[in-house]
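The listed protein sequences derive, respectively, from chains A and B. All the letters of the first sequence, read from the start, carry residue numbers 0 to 179 under numbering that gives the first Met the number 0. All the letters of the second sequence, read from the start, carry residue numbers 0 to 254 under numbering that gives the first Met the number 0.
Among the hints, a few may not be true.
To be verified - The list that follows gives simulated cross-link-like pairs (lysine to any residue, SDA-like), each with its CA atoms no further than 20 Å apart:
{"no.": "1", "chain 1": "A", "residue 1": "LYS80", "chain 2": "B", "residue 2": "ALA69"}
{"no.": "2", "chain 1": "B", "residue 1": "LYS81", "chain 2": "A", "residue 2": "LYS16"}
{"no.": "3", "chain 1": "B", "residue 1": "LYS48", "chain 2": "B", "residue 2": "LEU38"}
{"no.": "4", "chain 1": "A", "residue 1": "LYS16", "chain 2": "B", "residue 2": "ILE19"}
These aren't lab readings, by the way, just hints derived from the structure by calculation.
The residues making up each chain are set out below.
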Amino acid sequence: MSDLNLLPSEAKFQAEKIKIKGIINNFLWIFGGFWFLLLVGVVAVSLVMQLSLKGLTKEYEKGQSQYQALAGSMAINQKIKYQAKVVSKVLVDRFEYGRSMEMIKNLFSQNITVTNLEIGEKKVFTVFGTVADGNNLSEVEKKVADINYDLIDGFKSAKIANLSYDPIRNWQFQVEVKLK
Amino acid sequence: MSQNPLNIPDKIFGINSSLIGMFLLPVGMVVAFIISLGLVILPRIDSIKQSAASISETRSQIKSVAEKKAYLLSVDQDELAKNEEQLSAAVLPEKNSYVLVGVLRTIADKYGYQVNSFSINPIGIKGDTKDSLTVSDKDVATKLPINIVLTGPEDKNLDLIKSIENSLPILFIDNMKTTSKLGVSEIEMVISSYYVPDRVEYVSGNLSLADLQPTKEEADLLTRINSFESNSNLEETRVDGKTFMEYSRDNPFTL
Chain A
0 MSDLNLLPSE AKFQAEKIKI KGIINNFLWI FGGFWFLLLV GVVAVSLVMQ
50 LSLKGLTKEY EKGQSQYQAL AGSMAINQKI KYQAKVVSKV LVDRFEYGRS
100 MEMIKNLFSQ NITVTNLEIG EKKVFTVFGT VADGNNLSEV EKKVADINYD
150 LIDGFKSAKI ANLSYDPIRN WQFQVEVKLK
Chain B
0 MSQNPLNIPD KIFGINSSLI GMFLLPVGMV VAFIISLGLV ILPRIDSIKQ
50 SAASISETRS QIKSVAEKKA YLLSVDQDEL AKNEEQLSAA VLPEKNSYVL
100 VGVLRTIADK YGYQVNSFSI NPIGIKGDTK DSLTVSDKDV ATKLPINIVL
150 TGPEDKNLDL IKSIENSLPI LFIDNMKTTS KLGVSEIEMV ISSYYVPDRV
200 EYVSGNLSLA DLQPTKEEAD LLTRINSFES NSNLEETRVD GKTFMEYSRD
250 NPFTL
């Protein structure tokens, strides 16, 4: 109260000053409290996070070591995957002749004898056969026509490459068949 | 009497110095707050963010490891070993065409066929590019072809071809000519198979669960390969704790 000035204007100023001081004090308390809480909060959260991370890292390392213990199984698993990749690459271009040969053998009836079969390039068969009775040659021609008209599944095209007659071996034919 | 040890004038720039003095503490506090914000609070917040990201990553790693562990433990080890054996048998165990002759003789025997003649194609041995197949970044499969002539019952030739096509190691009929006379069939073929060198290391990098689980294509391939019959004439032998393959070098022309 030693600074008190009893002059009316000074008194007014002092009153205002006291009011401002009160506001400043409130600000200091609120701001200081907020600052303190922020500091404590940030430090606390940071510590909790670090502890949590430490715990989780331990848990991960434990799980990882158990997983590493299965290395043998994992190596076989990866070996199988690698081998499967190799085998599938190897198999990708393979054409299987067994089924195709079966189709060609079943193409003609018993009246026609398939004597030889040649496979040069992929999906191209050359069929050599004999026909005891010349009348059955029409069956060969009909099959060739049916293949070319796409009436027989699995075959793309066919052509009679050679036809000859021998009194001993009768009619001999050579048909080139392309598969789909 | 007011105390003024610093001898501050009553007014500074026309403002009462005691009024200015009142604002010094809050201004100082704000400055201290800003400094602490830059030096302590913001770095701590960054560290919290990093920890949160690490926690999230570690949690997903724990989950991933647990899933992979559970998957590996759930796999039937016998089936795994069987699959490995089948796939190993799918390619030639050594870069040697003679092994291929042995395989073909084994198949031919089953259908009453005999090996009339065979010749080893030198192109396959030279490792020409057309006789090799790139199977991965580092590995190349070498194609080993042989010319072989088999003779046997005509009615079994289709079964023989089908058996060749369903055999392990996987065989390729590159060229074929059959001649039948009086129920005896002569089959002249160019047959090949692939040799792939063994890898030292199969596991590379950090594997995900998807890397461990078989894809649909792999599962389909394993089903297909399991239907193939192994005709390898190799026998695994153990001597003094060491395992090796014993190769049969029997005369291929005899039954």
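Numbers of unmet hints, in rising order
2
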